[in-house]
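Chemist: The chain contents come next:
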Amino acid sequence: MSGPKKSEYKATEAEKIQAKVAKAEKDYFNEKYSPLLREMRDLSLKENYGGFAAGRAQADTMQTLTKPSLAATKAVDTSAELASAAGAQQIMAQGKGLAAKRQRQVGVLATARGQQADATTGLASVAKLEASDRLQSAQRKQMMREAQQGAALEIGGTLFSQGMANIGNDGKFFGGDLRDKERQTDDGLVKTSLMRLGDRLAQKGYGPTG
Amino acid sequence: MIGKLMSGMIETLKDVDDPQDLYAQMTRDDYDQYLKDFRPFEEQLLKARNDTSLIDQARKDVQTQSRIASEVAARNTERYGGAGLSNAQRQQQQRTLQRGTSLAAVGSINNARVMQREVNQATLADLINIGQGVNRNALSQMNTAANLQSQRYNAYKNAKAQHSSQMIGFGSQLGSALLTAFLI
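If you're matching them up, the sequences are chains A and B in order. Numbering follows the numbering used here, in which position 80 of the first sequence is assigned residue number 80; successive positions increment by one, without gaps. One gets the numbering used here by counting positions in the second sequence from 1 and adding 210 to each.
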């Protein structure tokens, strides 16, 4: 009866290959993949997402609110609105940028700690900057100023063209004499100005498109 | 051809004489590497939960935006040849800008505080999650080590008891053999 032989306790061929492959894979990982995480760590510290987002936000604000406009130039609160909206946009952009930066840093740390990490860079959320309430409000005010000016110009234009047409007909800009004469000829009564306005609106060929 | 080369490549890999020793070495190296490459980064991130950069930036931004708005207004006024603004209107514009800037500063800093808090809280939550994982891993590894030590201790005690029992058995057998020899 003999004792245990060392040769009987040797690793099998499969175990040897498994160890060889594991060692090779680990060396490969250390050489190729490990530096990538260090690279990502450096990027997450260095990249200024806030600055990138703030630049975009500033461009958006300026494109929205600084179109040359006489109405805006004359308005008393345009500059204040611009400063306020731009400030709000900056805060929102810087906030989003910082959140994305932290998300990336936390992802790097989680990966280094061998935990499941969010692989997104957060840049996508930074790129989708919304307009802040202040910018929207300033934009609405700007739009209203433009619309009011546009409406005033349109009304003025219509008045002018109709006035010119009236001058061509009877020599009066508002054509009041003609209406009064017609009314006195029809029933012998001077009608109210409201009725005259109704008559004018009903008149064929009224306005610049008539 | 490629298949033949690939199938032969595994033979070129170096043999591992002592996988246990190598595994211990790898674990040591990995931990050293982690301490060198990521521990300062981790500590920096742990401090970032008290970050105030957004609030600081907001203070600067408000002044910059006020200056830009004022310059834009000046350019537009020049573009429209004064835009028919009286001195009183210009003064009123300046006053409104100053008022607006003051309000914007207060509003921006308040918003920055809220946003900073949100970012810091999110970072804190993520760090807590990571910390929980670190703690879980550490406890799990310690549990494995403690179990292995317990098994070793029990194996040693069992072997010792078995040895004692064998020795007692051997002694008693020897004693009874001697007694038999003397008494016969």
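Keep in mind that the hints were calculated from the coordinates and are not lab data. Treat the hints with care, since some could be wrong.
Here are the computed lysine-lysine pairs in the PhoX-like style, where the Cα-Cα straight-line distance is at most 25 Å [to be verified]:
#1 A:K67 / A:K141
#2 A:K20 / A:K32
#3 B:K370 / A:K16
#4 A:K141 / A:K74
#5 A:K10 / A:K26
#6 A:K23 / A:K10
#7 A:K10 / A:K20
#8 A:K16 / A:K26
#9 A:K26 / B:K246
#10 A:K46 / B:K224
#11 B:K246 / B:K257
#12 B:K370 / A:K46
#13 A:K32 / B:K246
#14 A:K10 / B:K224
#15 B:K224 / A:K26
#16 B:K257 / A:K23
#17 A:K20 / A:K6
#18 B:K224 / A:K32
#19 B:K257 / B:K270
#20 A:K16 / A:K6
#21 B:K224 / A:K6
#22 B:K257 / A:K5
#23 A:K23 / B:K224
#24 A:K46 / A:K32
#25 B:K246 / A:K46
#26 B:K370 / A:K6
#27 A:K20 / B:K224
#28 A:K23 / A:K5
Far from chain B, by Cβ distances over 12 Å, these chain A residues were calculated [unchecked claim]:
#29 K67
#30 T73
#31 A93
#32 A100
#33 M143
#34 A152
#35 L153
#36 G156
#37 F160
#38 Q162
Virtual Cβ for every residue (Gly too), placed ideally from N, Cα, C.
Chemist: Run every hint past the structure and note whether it holds.
Modeler: Here is how each hint holds up against the structure:
1. Proposed proximity of K67 (chain A) and K141 (chain A) is supported: the alpha carbons are some 13 Å apart, at most 25 Å.
2. Taken as a hint, the K20 (chain A) and K32 (chain A) pair is honoured in the structure, with Cα atoms around 18 Å apart against an allowance of 25 Å.
3. Of the supplied pair hints, the one linking K370 (chain B) and K16 (chain A) is violated, its CA atoms being roughly 34 Å apart against a limit of 25 Å.
4. The straight-line distance between the Cα atoms of K141 (chain A) and K74 (chain A) is roughly 13 Å, inside the 25 Å bound, and the hint therefore holds.
5. Between the alpha carbons of K10 (chain A) and K26 (chain A) the distance comes to roughly 24 Å, so the proposed pair stays at or under 25 Å and holds.
6. Taking the CA atoms of K23 (chain A) and K10 (chain A), the gap is about 19 Å. The hint holds against a cut of 25 Å.
7. For the given pair, K10 (chain A) sits about 15 Å from K20 (chain A) by alpha-carbon distance, which is consistent with the 25 Å threshold.
8. Restraint check for K16 (chain A) and K26 (chain A): the C-alpha separation of about 15 Å stays at or below 25 Å, so the hint holds.
9. Annotation: proposed proximity of K26 (chain A) to K246 (chain B) holds, straight-line Cα distance about 19 Å (limit 25 Å).
10. Between the alpha carbons of K46 (chain A) and K224 (chain B) the distance comes to roughly 40 Å, so the proposed pair goes past 25 Å and is violated.
11. Between the alpha carbons of K246 (chain B) and K257 (chain B) the distance comes to roughly 18 Å, so the proposed pair stays at or under 25 Å and holds.
12. Straight-line distance between C-alpha atoms of K370 (chain B) and K46 (chain A) comes to about 62 Å, which puts the hinted pair past the 25 Å bound.
13. Between K32 (chain A) and K246 (chain B) the alpha-carbon distance is near 18 Å, which keeps this suggested pair within the 25 Å criterion.
14. At roughly 18 Å between alpha-carbon atoms, K10 (chain A) and K224 (chain B) fall within 25 Å of each other, so this suggested pair holds.
15. Of the pairs offered as hints, the one joining K224 (chain B) and K26 (chain A) holds, with about 13 Å between alpha carbons and a cut-off of 25 Å not exceeded.
16. Among the hinted pairs, K257 (chain B) with K23 (chain A) is inconsistent with the structure: their alpha-carbon atoms are about 37 Å apart, more than 25 Å.
17. Simply put, K20 (chain A) and K6 (chain A) have alpha-carbon atoms about 22 Å apart, close enough for the 25 Å limit, and the pair holds.
18. For the hint linking K224 (chain B) to K32 (chain A), the alpha-carbon distance of about 19 Å falls within 25 Å, and the restraint holds.
19. Distance check on the hinted pair: K257 (chain B) and K270 (chain B) sit about 23 Å apart at the alpha-carbon level, within 25 Å; holds.
20. Of the pairs offered as hints, the one joining K16 (chain A) and K6 (chain A) holds, with about 16 Å between alpha carbons and a cut-off of 25 Å not exceeded.
21. Among the hinted pairs, K224 (chain B) with K6 (chain A) is consistent with the structure: their alpha-carbon atoms are about 23 Å apart, no more than 25 Å.
22. Restraint check: the Cα-Cα separation between K257 (chain B) and K5 (chain A) comes to about 59 Å, which exceeds 25 Å; the hinted pair is violated.
23. Straight-line distance between C-alpha atoms of K23 (chain A) and K224 (chain B) comes to about 9 Å, which keeps the hinted pair within the 25 Å bound.
24. For the suggested pair K46 (chain A) and K32 (chain A), the alpha carbons sit about 22 Å apart, so the restraint of at most 25 Å is met.
25. Taking the CA atoms of K246 (chain B) and K46 (chain A), the gap is near 19 Å; set against the 25 Å cutoff, the hint holds.
26. Between K370 (chain B) and K6 (chain A) the alpha-carbon distance is near 24 Å, which keeps this suggested pair within the 25 Å criterion.
27. With a C-alpha separation of about 6 Å, the suggested pairing of K20 (chain A) with K224 (chain B) holds against the 25 Å cut-off.
28. The straight-line distance between the Cα atoms of K23 (chain A) and K5 (chain A) is roughly 28 Å, outside the 25 Å bound, and the hint therefore fails.
29. The claim that K67 (chain A) lies off the interface is violated: its Cβ sits roughly 10 Å from the closest Cβ of chain B, which falls inside the 12 Å cut-off.
30. Listed as outside the interface, T73 (chain A) is inconsistent with that label: its C-beta sits roughly 4 Å from the nearest C-beta of chain B, within the 12 Å cut-off.
31. For A93 (chain A), the non-interface assignment is contradicted: its Cβ lies about 10 Å from the closest Cβ of chain B, within the 12 Å cut-off.
32. A cut-off of 12 Å between C-beta atoms contradicts the statement that A100 (chain A) is not in contact with chain B; the least separation is 10 Å.
33. For M143 (chain A), the non-interface assignment is confirmed: its Cβ lies about 17 Å from the closest Cβ of chain B, beyond the 12 Å cut-off.
34. Taking the minimum C-beta to C-beta distance to chain B, about 15 Å, the non-interface status of A152 (chain A) holds against the 12 Å cut.
35. Every CB of chain B is more than 12 Å from the CB of L153 (chain A) (nearest about 16 Å), matching its label as outside the interface.
36. Under the 12 Å C-beta cut-off, the non-interface status given to G156 (chain A) relative to chain B holds; the minimum distance is some 16 Å.
37. With 12 Å as the threshold on Cβ separation, the claim that F160 (chain A) sits away from chain B holds: the shortest Cβ distance comes to roughly 20 Å.
38. Q162 (chain A), annotated as away from the interface, keeps every beta carbon of chain B farther than 12 Å; the closest lies near 27 Å.
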